Amino acid sequence: EAQVTQNPRYLITVTGKKLTVTCSQNMNHEYMSWYRQDPGLGLRQIYYSMNVEVTDKGDVPEGYKVSRKEKRNFPLILESPSPNQTSLYFCASSSQDRGNSPLHFGNGTRLTVT
Amino acid sequence: SQKIEQNSEALNIQEGKTATLTCNYTNYSPAYLQWYRQDPGRGPVFLLLIRENEKEKRKERLKVTFDTTLKQSLFHITASQPADSATYLCALKGSSNTGKLIFGQGTTLQVKP
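Sequences listed follow chains E and V, in order. Mapping to this note's numbering: the first sequence position 25 is 55, numbers consecutive. Mapping to this note's numbering: the second sequence position 10 is 30, numbers consecutive.
Extracted from the complex, chain V is given alone in its bound form (with noise of 0.2 angstroms):
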């Protein structure tokens, strides 16, 4: 069956450092990936989103690569702050898969000061 993974362990860096956040999917060919982020109790916000043909985007001090043949998404967040301290999802789509975003469980990122 499908599947979409993300560390459910929490990632803890200090502040500064780079934080890369992991998205493995099987079973699955999606057409594009998103990035979003959710604070606690709140809805999640839109960040990033990268085609299958894309190998990397960048946004500021965030970058998404999208790797098919690994099956794998990298978010990286550098000079990271604890104002990005939050849960990061990914979602995922197929282009022939209507109506549907399937998300991963998401990694809660802690950055300390």
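With the rest of the complex left out, here is chain E (with noise of 0.2 angstroms):
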């Protein structure tokens, strides 16, 4: 089944506490994103990569990092956790970036930082 894997699905942590969050695609898409979403502000990109090895900041990446070594996984770093990165995370894909692919989204990670 085509789908994006998102893991954990629920993640409690203390500030400063590193922490990352798995987003892996059996689709062979090129393009992978992560976004944020919180009430009344929707869906933010925080970063988002074009192939392997190739990465850009989106709308909200300040406390984030990203990797992309393979074509399948794209995983977000948050190295130092603070309450305001509490939301609802989600990692989505396509098979290229343009306007006519769609996103295939993951089913979210919801991430409280306390």
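Because the hints were derived from the structure by calculation, they are not lab data. The reader is advised that the hints may include incorrect statements.
As the list claims (entries may be wrong) - Short, incomplete list of chain V residues facing chain E, as computed with Cβ under 8 angstroms:
| no. | residue |
| --- | --- |
| 1 | P60 |
| 2 | P64 |
| 3 | A106 |
To be verified - No more than 25 angstroms apart at the CA atoms, straight line, and that leaves these computed lysine to any residue pairs for SDA-like:
| no. | chain 1 | residue 1 | chain 2 | residue 2 |
| --- | --- | --- | --- | --- |
| 4 | V | K120 | E | V44 |
| 5 | V | K120 | E | T43 |
| 6 | V | K120 | E | P69 |
| 7 | V | K120 | E | K47 |
| 8 | V | K23 | V | T42 |
| 9 | E | K95 | E | E31 |
| 10 | E | K48 | E | N130 |
Bear in mind the structure is a predicted one, so any value in this text is a computation, not a measurement. Note that beta-carbon positions come from the ideal geometry of N, C-alpha and C, so glycine has one too.
Got two chains here, each in a separate frame; can you build the complex from them with the hints?
Here is the structure:
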């Protein structure tokens, strides 16, 4: 089954403790992206990747890192999480970075930073 | 600045009626417009895409229109069912805006039996 898999689904952590949210897709997609979704603010792009070893900042990249060493994986790293990073995070992929390619989303990771 | 507006108020309709959701945008010239459905706590799911040179697109009970003069897209669900209850997001991408699909905040639809 074609899918984007995120782990974990739920994560509670404390300020400053480094964490990684994994994302993997099995559709051989070139384009991958991370979003965060907050009430009243909608989906905001954190980072995206056009292909292996190519990443770029989205609208809200501060406090996050990503890497794209393999085509299928695009982990999101929070080196020193803070409470304002409490949010619902989504990874997404598409076959190419064009408006006519729909995004396939994972089921989300709900992160709470205390 | 670029802005996408979807009605933040929930839309409540009776089963069997047609639901119409609106997506307005300003300071933007999208080449493509996409609609997604999102259920609570889940990732958005792609529904339909319409290009700037297309006026209308249909898929089963869904219909999308795209008016670049009015800077507006309408999303219709005919013969609505309670299972259609969800939040619907529109998303726009310009032909030259590589890497960014800009999402609206979504409109929640509630279909009552």
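Against the structure, the hints:
For P60/V, the interface hint is violated, since its Cβ never comes within 8 angstroms of a Cβ in chain E; the closest pair sits about 10 angstroms apart. Residue-level restraint check for P64/V holds (minimum Cβ-Cβ distance to chain E is 5 angstroms; threshold 8 angstroms). Using the Cβ-Cβ criterion of 8 angstroms, the hint placing A106/V at the interface with chain E is not satisfied: the shortest such distance is roughly 14 angstroms. Taking the CA atoms of K120/V and V44/E, the gap is about 31 angstroms. The hint is violated against a cut of 25 angstroms.
In summary, the hint linking K120/V to T43/E is not supported, as the alpha carbons are separated by about 30 angstroms, beyond the 25 angstroms threshold. For the hint linking K120/V to P69/E, the alpha-carbon distance of about 20 angstroms falls within 25 angstroms, and the restraint holds. Among the hinted pairs, K120/V with K47/E is inconsistent with the structure: their alpha-carbon atoms are about 30 angstroms apart, more than 25 angstroms. Between K23/V and T42/V, the direct Cα distance comes to roughly 14 angstroms. Compliance with the 25 angstroms bound is thereby established for this hinted pair.
A distance of roughly 29 angstroms separates the Cα atoms of K95/E and E31/E; the hinted pair therefore is violated under the 25 angstroms criterion. Between K48/E and N130/E the CA atoms are separated by roughly 36 angstroms; this puts the pair beyond 25 angstroms, and the hint is violated.
Consistency note: the structure conflicts with the earlier hints numbered 1, 3, 4, 5, 7, 9 and 10.
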